[in-house]
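Trainee: Assemble chain D onto chain Y, guided by the hints.
There are 2 protein chains.
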Amino acid sequence: MAPFLVLGATAVSLDPEDWTAWRAQGHRMLDDMFDHLQNLRSGPVWQPIPDAVRAEFQQDLPLGAGDLTAAHERFMSAVRPYSVGNTHPGFMGWVHGGGTVVGMLAEMLAAGLNANLGGRNHMPIEVERQMVRWLAQIVGFPETSSGLFVTGSSMANFLAVLVARTAKLGTVVRQTGLAGQGRLRAYVGKSAHGCIPQALEMAGLGTDCIHWIALDEQQRMDVSAVRVALDQDLAQGYIPFFLCATAGTVDVGAVDPLSELADLAHAHGLWFHVDGAYGALGMMSPVIAPLLRGIEQADSLACDFHKWGQVPYDAGFLLVRDSDAHQRTFASPAAYLRREERGLAAGSPWPCDFGPDLSRGFRALKAWFTLQVYGTDRLGQVMAETCALAQSLKARIQAEKALELMAPVTLNIVCFRYRAGQDSNQVNREIVIRLHESGLVAPSSTVLAGHVVIRAAVVNHRTEQQDMDTLVDAVLRIGAALTEKGQ
Amino acid sequence: MAPFLVLGATAVSLDPEDWTAWRAQGHRMLDDMFDHLQNLRSGPVWQPIPDAVRAEFQQDLPLGAGDLTAAHERFMSAVRPYSVGNTHPGFMGWVHGGGTVVGMLAEMLAAGLNANLGGRNHMPIEVERQMVRWLAQIVGFPETSSGLFVTGSSMANFLAVLVARTAKLGTVVRQTGLAGQGRLRAYVGKSAHGCIPQALEMAGLGTDCIHWIALDEQQRMDVSAVRVALDQDLAQGYIPFFLCATAGTVDVGAVDPLSELADLAHAHGLWFHVDGAYGALGMMSPVIAPLLRGIEQADSLACDFHKWGQVPYDAGFLLVRDSDAHQRTFASPAAYLRREERGLAAGSPWPCDFGPDLSRGFRALKAWFTLQVYGTDRLGQVMAETCALAQSLKARIQAEKALELMAPVTLNIVCFRYRAGQDSNQVNREIVIRLHESGLVAPSSTVLAGHVVIRAAVVNHRTEQQDMDTLVDAVLRIGAALTEKGQ
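Chains as they are written, first to last, in this note's numbering: chain Y, 1 to 487; chain D, 1 to 487.
Pulled out of the complex, with its shape left as it was, chain Y reads as follows:
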């Protein structure tokens, strides 16, 4: 390998040549982000990306060195103003958390430390282990539960399917695969997030394994329908293995009857999983927790700290009651991952024994800082406040003749539409687009029973009553203009 030798061993570290200058630049960057976060309300929620800005990001791969200040200026002029807007108080689309200064600073620390939480013997892993215990306390799981941070609940739900699959078929399935297996069956509500069928696809079970469960009038899984489905499937020789309930459905924020479903699942030997992507952390609030009763009986739970928890993206989490079943699904021997009793390779088991990632950033730190600084009482209060705002929005909608409430409001999601007769779907789609373009508020849309509806998910801790008023006023104004009622 002679070519390398000619390079010699001169230092080419990427550390700053001028530490003072880069430190000063770092402080300017931090000040810019503080300015940004301190003045969110003065800007638009969102604005369209000008073609010229988009074109700036078409240039070729940079071969030569550039300038840190110039890169930051590009960020400030071309990226920051055209971001999605979920930090803004007027954002209420999809289910996005608002982030905090605390989370930003913790993420900076984590990136400077550059820890890899796949394994090894170091304190960042202890921080993550503490987060596992804290989340178990929050949702009422046993202290012995296992868990780990992942990108988001889509991944957490997928890993839960794998644990359930192994629990049913044994670890031999890791070797044999599914080709020779009988037909496993999963019970999933029609309101489940699309990542649940996707998880079953990825695991090789296919969406055909799903017995879709009808909803009751509160948009919750119908327990009696699950019972009927189980009887049918058992009679036909299927192997029921997985019951997935949702705490906070994506379209309307309904909570499935967790306690009844837990009983039913366990009576039939099914793995009971709860997709609590956005709802589970509501357990921090004494007014929301009663609605989530039964979550503590789950075998596994997916949730996202970057939604109601306001931790910056991404910070999903998987919690598993039976840590042995969890570890059996993922742990593997590998010579280069050998464990020792002392030194850097001690401290087994490692997070890589509980999930697929060997390279894992220090997500735990931003969540740990968030809990340390705010405490669960205050975070719970923020979540309850978003529910209170949703109730206020619901009341206003019910008071406006031009508007129609389209779904029950259980938590913090309100689905409604502008009454526009036969043109309703088209008008409401256009209203949402024009709201985005207005920069005032940003709900999203969804489709309920064939009807396009405006969907306001109040998640951001910065959202206030005035934003609810702005939303309704703007919908009425745009709706009237579109239907010419107001003209």
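Everything labelled a hint here was simulated from the structure, so no lab data went into it.
Only true hints are included.
A short, non-exhaustive set of chain Y residues, derived as facing chain D with CB atoms under 7 Å:
| # | residue |
| --- | --- |
| 1 | 12 |
| 2 | 114 |
| 3 | 124 |
These numbers come from a predicted model, not from an experiment.
Think of the CB as a built atom: it goes at the ideal place given N, C-alpha and C, for glycine as much as any other residue.
Mentor: Just chain D now, kept in the frame of chain Y:
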């Protein structure tokens, strides 16, 4: 839902009550990280965690609010000093990048912006799209390739298996699953990373589907062995679908004969995947690139920017030549993800159409900043330098009678051992532990053909010749003490 109403709609935002104080605290935190990074060499690579420090992270869930300064002090006193040490120039364990100031600052910006890159119409997604094009340019993929950031190559390899599975069986497999399928067959070198069999496990194929391929004397997949395996399997009615090669094997840093394997795979209609977790970015260096010839013929490629790319954890990447095949594997319709022509819901396809995550942090920004500031020439030079250091280490080992080189040195990984006769395995394990405990240097260990070896993976841009010398001197000293030769 009356309980929520009593809370009223008073502002309970998590924004600072005193912006000035938190801004000042933020600047102190940034200064602390600059101090940390500027003085890495003055501290130990790693040190054992005192029991008292570990115990600090056993306290109960915080219900009440805490103090940002106090949380930061906990971080500084209890986390930072006991981290894994991969930022330190003496770290050469596993394959960990060193991180940079640039990456830290970019991650701070990303966390402040709090963008979710699952979808929607915003500039952060354009930054990621530019990174897709840039990586395609780096490794010689077509401009039309698709790709996305993931946690790490373990995930990227898994997603590649899913794309290959869909390409072979059609999108119907998403529906039917694998239960009724014929036996697919994957060709994997014996030196492949453990995440490859795990990817096949997770996808429901099972490790039984693997035809393990023997290695040649350079520790590379033996092409003729693949040919024999294919003939055998076809004769037995298996369905070959996936050939996985490695660019930079985990144990010794070998590069499989990519070009020959590409030809063979494509002649047989197999999906040709390259696990380039740490090696692929070597394409930035004109002296490393020739060793990776053939990587540009892959159907998909996994790589990690947080290894040789020095981007902070985590920043894995999947690149796929055929974007249609990629999208067919993951895209799903969902009412709450409806796309529009204008507004926030425009800009389809979204990253969530190319992978399982809907919640995705802004990993692209730290990688974009890294390329903008350093350029590929300098990053390539850093990688070549680590290879030069590995060659220098190899030469020193070969010159020391007490040491034995245990594998060819292709890139930047050197496997060797202290000669200790029958006690060799035990002695070399103990040497690595004592090196960790010394705080001077931190290699890892692995097992090659039953022999425990000391494995130095030179990845960090801060590592210099003096660290190679420190390693050898310390191994000789500790080895002599353990075997009493020097006494």
